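A.B. asks: If you want the building blocks of each chain, they are given just below.
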Amino acid sequence: MATIQLTPFEERLFADLPESAVTSALRERGLPGRRTETWKWSDLRGAEREPRQPSSDFSAPVGDAPIALDDAFVLTLKNGRPVAPAGIEPKTILSDGVKVGTTYVVDEGLIVSFYQNGRESDGEVQAPGQELAGVAEFAPLISISVLPGFEHQVAVRRLSNGNGQHSDNLFVTVGAEGRATLIETHEVAGAPFVNSRTEIELDHKATCDRYVVQPEAPGAVIVHSSIVRLDEQVDDELARLNQTTLALGAKLARHETRLTHLGESAARLDALYRLDNDLHTDITTHVTFSGEDAETDQLVKGIGDGRSRGVFQGKFLVERGAQKTDAQMAHHALLLSKGAQINAKPELEIYADDVECAHGNTAGALDPEALFYMRQRGVPEEEARALLIDAFAGEVLQRIPDATIRAGFEEIFRRA
Amino acid sequence: MLNIQNLTVTLGGNRILDGLSLEVPAGEVHAIMGPNGSGKSTLSYTVAGREDYTPSEGDILLKGESVLEMEPNERSASGVFLSFQQPPAIPGVATMNFLRTALNAQKKARGEEEMSSADFLKVFREHAKTVGLSPEKLKRPFNDGYSGGEKKRMEMLQMALFEPRFCIMDETDSGLDIDALRMVGDVVNSLRSPERGFLVITHYQRLLDYVKPDRIHVLAGGRIVHSGGPELARELEESGYEQFASEAA
Chain A
0 MATIQLTPFE
10 ERLFADLPES
20 AVTSALRERG
30 LPGRRTETWK
40 WSDLRGAERE
50 PRQPSSDFSA
60 PVGDAPIALD
70 DAFVLTLKNG
80 RPVAPAGIEP
90 KTILSDGVKV
100 GTTYVVDEGL
110 IVSFYQNGRE
120 SDGEVQAPGQ
130 ELAGVAEFAP
140 LISISVLPGF
150 EHQVAVRRLS
160 NGNGQHSDNL
170 FVTVGAEGRA
180 TLIETHEVAG
190 APFVNSRTEI
200 ELDHKATCDR
210 YVVQPEAPGA
220 VIVHSSIVRL
230 DEQVDDELAR
240 LNQTTLALGA
250 KLARHETRLT
260 HLGESAARLD
270 ALYRLDNDLH
280 TDITTHVTFS
290 GEDAETDQLV
300 KGIGDGRSRG
310 VFQGKFLVER
320 GAQKTDAQMA
330 HHALLLSKGA
340 QINAKPELEI
350 YADDVECAHG
360 NTAGALDPEA
370 LFYMRQRGVP
380 EEEARALLID
390 AFAGEVLQRI
400 PDATIRAGFE
410 EIFRRA
Chain B
0 MLNIQNLTVT
10 LGGNRILDGL
20 SLEVPAGEVH
30 AIMGPNGSGK
40 STLSYTVAGR
50 EDYTPSEGDI
60 LLKGESVLEM
70 EPNERSASGV
80 FLSFQQPPAI
90 PGVATMNFLR
100 TALNAQKKAR
110 GEEEMSSADF
120 LKVFREHAKT
130 VGLSPEKLKR
140 PFNDGYSGGE
150 KKRMEMLQMA
160 LFEPRFCIMD
170 ETDSGLDIDA
180 LRMVGDVVNS
190 LRSPERGFLV
200 ITHYQRLLDY
210 VKPDRIHVLA
220 GGRIVHSGGP
230 ELARELEESG
240 YEQFASEAA
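From first to last, the protein sequence lines stand for chains A and B. FYI, in numbering that gives the first Met the number 0 the residues of the first sequence are 0 to 415. FYI, in numbering that gives the first Met the number 0 the residues of the second sequence are 0 to 248.
Worth flagging that the hints you see were computed from the coordinates, not collected in a lab. Just so you know, not all the hints are guaranteed correct.
Footprint (simulated), chain A over chain B, 3 or more residues, beta carbon under 8 Å [what the hints assert, rightly or not]:
(1) 66–73
(2) 85–94
(3) 111–121
(4) 228–240
Label-pair ranges, simulated between beta-carbon atoms [claimed, not checked]:
(5) A:Glu381 with B:Glu56: 55 to 65 Å
(6) A:Glu381 with B:Arg191: 29 to 39 Å
(7) A:Ser336 with B:Leu60: 29 to 39 Å
All values derive from a computational prediction rather than experimental measurement. Built from N, CA and C at the ideal position, the CB exists for glycine as well.
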């Protein structure tokens, strides 16, 4: 493969990575950008050219999380580095007699571990477009385990500031018949480059209600790669992922989820984005159906104002033998200004013949009929627009089953 | 009350209203009848202030005050109510929340005290009963999944709720059965008062069996070509608009 000329940003970023096949591949390819098919509307390579130092220690005071649950265990990451849970005795993790990390039994059935290194660095070389997930995999591994049969709420607060770069590498497992509510918030100030990774494994009969919230971060570049595997059903009980992402834009933001149904299992992969000014957000999902009878239901909605740019790329890959797959994808965008732009690419690739797959994609302005009607009834224009925008977004938010979290999402959305 | 003077409106290069003049005094019900494409709906949108329906000539006065510089919501607050020919559904917008927002926005604009949720609910339920909309239907988003007839009932519910000074009813009778027509008549008749005026736009005479007009005007070619008493409706029903349409040419 012809080696490309690396940008100063790439040179600096790759210099700290251990030598491995992955690193060699990164040096050959560089980071994804507009010439990469899956990144053509999110030109990361073009946006990041100047070298960035690793982020320094996060020293700012910590405010309230944009969304919180009373009973959740809160894990805080400051510029990528985890903060030890307070008041819990650490235990050393040894491998061949050498310390490799620290573990905390946070609660019965909930274990959090911080490793000194990332996952096996001679791992698989990522497909084009997934280079940043590969970079994040070198960051020290943080693992959260909800043990079989337990139910826990976990909030992961990713606090970032400054103008350096950092990655984080989170691995979440939910054991058989376990249930995890996972709230991940990006709380970003300043202009850092944040490269996050969340890998989730759901054992059979396990459920994860996952919420990703990224408030507006005008100076920052945020890439969050999520890799999810859903185990096959047992006794007709399915592993389930219920995911809702709320993204309010950054200088460049990419929220990518790669989900694999290993067999009969169910996923809801919703997202809502709202952008103003020059903000950008990219919602990319890739769902692989490897076994029979799996189900994905996806509703993504976006609102663009100012000169913002929204991107939705959704792909369903139904492999040979994945019969009875039921996959629904919908993306609807609302454009509030002439300068706002939405790019959408829904894609179905199907190698099985007995499946139900559908996708729908629309983009348009606020309904002028409805707007005039509401004004005729006495509602001032701005208020009528707000009611219509809330109604548009409401379809996604109403799918959040938990009333407290739904109210929290509504509040963040309305403030935007 | 409503005084339309020499109104000219051009849409897409076509002169739809061509020097239309009309006066509806307070306390009266006037009907406008006319063939398709004569400008009936353009007239109602122009009075309500819809975007692009800006007159190139003429004026519209409500109680002596021009409404032309007012936003649609300001016209609404000053008392103009339009019962839409084809009311839209507004998915995702809760009916009661929308109507309470609308009513209180009008009250606020007029400097009146806003209505509490409890008071609103009481009044709202009463009117819902009058127009025959079930509580189940009203729990849905605004007009969502409503039939054409139910949407017209919703228009009448709002007319009763907002108690506007001047009501324009744009083909409220289309798509309604006899029982619904009677309901429309009941709502209008209960609202009739010396301070309130009505402009009823219709194709047919049958609504006028329930809503007795004081005057009937024939609209053709963008202007009022003939006016008369209530007896004119039956005459039009029998002999058509042809005789008057030629007057407009």
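A.B. asks: Hints first: check each against the structure and report whether it holds.
C.D. replies: Structure-based check of each hint:
1. 66–73: Since three or more residues must qualify, the claim that chain A covers the stretch 66–73 of chain B holds, with 3 doing so at under 8 Å.
2. 85–94: holds (count 6)
3. 111–121: The restraint on the stretch 111–121 of chain B is violated, since only 0 of its residues have a Cβ under 8 Å from chain A and three are required.
4. 228–240: Coverage by chain A is violated for the stretch 228–240 of chain B (0 residues, Cβ < 8 Å).
5. A:Glu381 with B:Glu56: 55 to 65 Å: violated (31 Å)
6. A:Glu381 with B:Arg191: 29 to 39 Å: Because 35 Å falls inside the window, the suggested range holds.
7. A:Ser336 with B:Leu60: 29 to 39 Å: The hint (29 to 39 Å, Cβ to Cβ) holds, given that serine 336 of chain A and leucine 60 of chain B are roughly 36 Å apart.
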